[in-house]
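Q: Next come the chains, spelled out residue by residue.
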Amino acid sequence: MSSPEHLTGPNQPLYEARKGVYPKAVDGFFRRLKWGIMAVTLAIYYITPWLRWDRGPYAPDQAVLIDLANRRFYMFQIEIWPHEFYYVVGLLVMAGIGLFLVTSAVGRAWCGYACPQTVWTDLFQHVERYIDGDRNAQTRLETAPWGPQKIAKRLGKWSVWLFIAFWTGGAWIMYFADAPTLVRDFWSGEAAPVAYATVGILTATTFIFGGFMREQVCIYMCPWPRIQTAMMDEKSLLVTYKEWRGEKRGSLKAAQADPAAFGDCIDCNQCVAVCPTGIDIREGPQIGCITCALCIDACDNVMAQIGKPRGLIDYCTLDDAEVEKAGGTSHPVLKTLFRPRTLIYFGIWVSIGLAMLFTLGQRTRLDLAVQPDRNPVYVRLSDGSIRNNYTLKIRNMETRPRIVDVYVEGLPGAVVWTPAGKREFATQHIHFAVAPDAVHKVQLFVAAPAEGPEHSEFTISTIARTGDESGDSDAVVFERPENEEEEEE
Amino acid sequence: MTENKRIDEPTGTQTVGHEWDGIEELDTPMPRWWVFTFWGTIVWALAYIVLYPAIPMVNSATQGVWNWSSRGQFEQELQAEAVRRAPITSALAAIPVEQLAGDERLYQAAVEGGRAAFKVHCVQCHGSGAAGSAGYPNLNDDDWLWGGDMPAIHYTLTNGIRQPDHDETRFSQMPAFAGVLSNGEIDAVTSYVRSLSGLEKASPKSATGAALFSNNCASCHGVDGKGLREFGAPNLTDGIWLYGGDKASLTTTVNNARYGVMPRWNNRLDPVTIKMLAAYVHSLGGGEANPAPAATPVPDPAKVASNVKP
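Residue numbers (my numbering), protein chains in the order written: chain F, 1 to 489; chain V, 490 to 799.
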């Protein structure tokens with residue numbers, strides 16, 4: 001960060017008030033890129049919950065839905081159950097590796113273009129310019145005494161901010177319930193309290209972070225800039241002021257009078273004026289720089305006006321800076337991007353994605369889990385045979401009701417029945433009607449003759465009567481009394 | 490060290506004055522909003538102290554103006570839970586025990602409620618898995634002294650076994666045969682009884698025992714030894730022995746007789762809890778269908794689980 005003059009005295013204050021940042025509007029390639037990214041990210045955020053996806057009568061038709069109440073996660077044709085949460089973990093790992101990849105290649109591009117804090121601050125600043133005017137008008141209004149006009153402008157600005165902030169929270173909750181229903185419930189006061197609380201919290205944080213905290217979030221609150229600092233190297237792209245070309249700075253008039261004594265920088269301060277975090281990029285790489293590249297646009301515009309080549313401030317790696325300083329030509333950008341480090345990150349990122357796609361394709365949508373009931377381990381029945389109890393869970397992960405057959409295999413003389421059934425009618429086979437997208441939990445009684453090993457392993461298997469061979473099996477143990485001596489009993 | 494404070498050239502910030510091996514620390518000012526959050530937490534704490542129990546006094550902490558306590562919140566939650574369960578409880582109170590197994594949802598609710606009540610009132614004798622032990626019946630099996638259908642289990646639970654203060658109680662009495670039969674005769678009878686379930690092979694001794702059995706035991710245990718539930722007389726031909734089927738245990742049983750007891754629960758538990766316990770015990774695997782006169786519940790075609798008949 002640049003150093004405020006009032007701190008240089010021996011009695012500097014313990015606390016520093018936020019210095020107002022009034023970034024000037026600018027146009028250029030990177031500004032348009034940021035508009036585009038803002039439009040795309042906001043559109044994704046606001047539209048996604050309203051996309052519909054037909055899953056039949058037994059599942060919600062919202063394309064992306066995090067159904068916490070029923071513990072299901074829907075994403076287009078993929079449905080994730082709680083026990084498949086590792087897919088979410090995989091996505092998070094991919095997001096992490098993706099940030100490594102982006103950071104090592106193009107530095108803090110996430111911060112400058114895609115981070116919600118940046119996108120919403122950008123949006124809020126646009127509103128600010130629309131109501132208060134550009135940089136100079138804003139500073140004038142800030143120092144102006146409170147009067148009807150200032151009050152009207154402040155109230156107008158804060159109202160629009162609040163409106164945006166409210167819809168930010170309002171869109172968030174749509175991911176967690178059926179959006180059209182939730183909108184109706186929300187306005188009729190019938191939505192869950194957590195919905196109102198979430199909207200309230202997100203409205204407050206958006207309003208405060210986007211309207212008032214802005215670069216303070218990036219500089220003081222967010223851990224990511226510090227982590228990124230450790231992940232960049234001399235081949236990462238940075239927004240760089242090419243001081244070897246710009247210095248010594250001097251006014252246009254002075255430079256024209258004595259071109260040999262001055263560099264290209266005419267000290268017009270445009271790079272500082274447009275900076276959303278209020279830094280001076282000419283002081284070198286710093287934690288306050290989110291690499292939004294607006295200073296590049298500002299400087300390019302000035303260079304065009306004074307007839308100098310663009311790129312006095314430009315994306316540049318530390319390596320290239322050394323090369324250019326020595327008078328050489330920098331590497332092409334593609335060569336900077338494709339290097340072992342980025343390729344390794346990309347390789348890891350892609351292989352996690354492919355592995356997840358592969359397992360998603362392989363996963364079975366019928367799952368069986370058998371748990372022996374351990375208390376008691378076995379029960380002796382009046383005819384002398386032994387009964388073991390098991391808790392059977394059949395997960396029907398398809399959104400249609402299915403009838404599944406359950407077989408007891410590999411245990412001579414065994415029969416299986418449920419508490420609703422009768423042992424007299426029991427065979428080695430039983431079937432259940434399992435509701436769509438549901439777990440069917442039932443207790444199984446398995447009886448077998450007392451003669452046999454103390455622990456006999458056998459198989460309980462299930463197969464759906466849907467003709468698609470989907471099924472599952474589980475190896476379980478049948479317990480008998482130990483060391484039974486016929487004469488003792 | 491404070492005299493070593495200086496202004497750091499590149500940042501323009503004052504140092505704190507420490508220095509280790511040339512490494513110094515900048516005294517960067519905190520952002521002011523940070524201090525506001527600090528004051529905010531203090532305001533929050535003050536409000537908390539006023540509203541909630543906070544300051545420890547001699548006997549208890551200050552009450553707080555909201556008069557909140559974790560115990561009070563727990564009571565509220567218990568009451569809310571009782572209100573939530575009221576429909577189930579009243580339905581259970583209304584339904585006759587013979588019909589409970591026919592109402593699948595209510596039956597399941599009763600089983601779950603009974604599972605909890607069993608862990609409080611019954612595990613002391615019957616064990617946490619209801620598997621019993623010598624002298625305490627295993628409730629998982631299909632052998633019942635007094636009957637294993639819902640009404641019979643419910644009656645046993647309500648009235649107990651051998652409760653002298655209660656006329657309705659289950660009461661069985663086997664004579665102690667020590668002194669009535671000689672040791673040799675008792676030896677013969679036990680051999681015969683063991684032969685009924687194949688624990689011993691038939692022998693001349695067991696043939697002697699058979700005659701003694703029909704004279705002394707058959708009136709309660711039946712001519713075939715299969716017991717009589719009206720008297721609580723156990724089936725001697727099956728594989729289950731409450732007090733042990735080995736020679737020594739059986740000899741003790743015939744010599745001294747056994748008088749197991751069970752509390753009656755009608756003076757300790759409410760009728761709904763007793764019904765729930767009956768349903769739970771009935772669900773453990775040995776539950777029998779209601780006796781013939783009672784209407785058998787019509788199987789629900791929409792029932793989720795069903796057995797396949799061979």
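Any given hint could turn out to be false.
Said to hold, decoys possible - DSBU-like cross-link-like pairs, simulated, lysine-lysine; straight-line CA separation at most 30 Å:
| no. | chain 1 | residue 1 | chain 2 | residue 2 |
| --- | --- | --- | --- | --- |
| 1 | V | Lys715 | F | Lys422 |
| 2 | V | Lys608 | F | Lys393 |
| 3 | F | Lys422 | V | Lys494 |
| 4 | V | Lys608 | F | Lys441 |
| 5 | V | Lys494 | F | Lys19 |
Because the hints were derived from the structure by calculation, they are not lab data. All of these numbers come straight from a predicted model, not from anything done at the bench.
Q: Among the hints numbered above, which are violated by the structure, and what are their numbers in rising order?
A: 3
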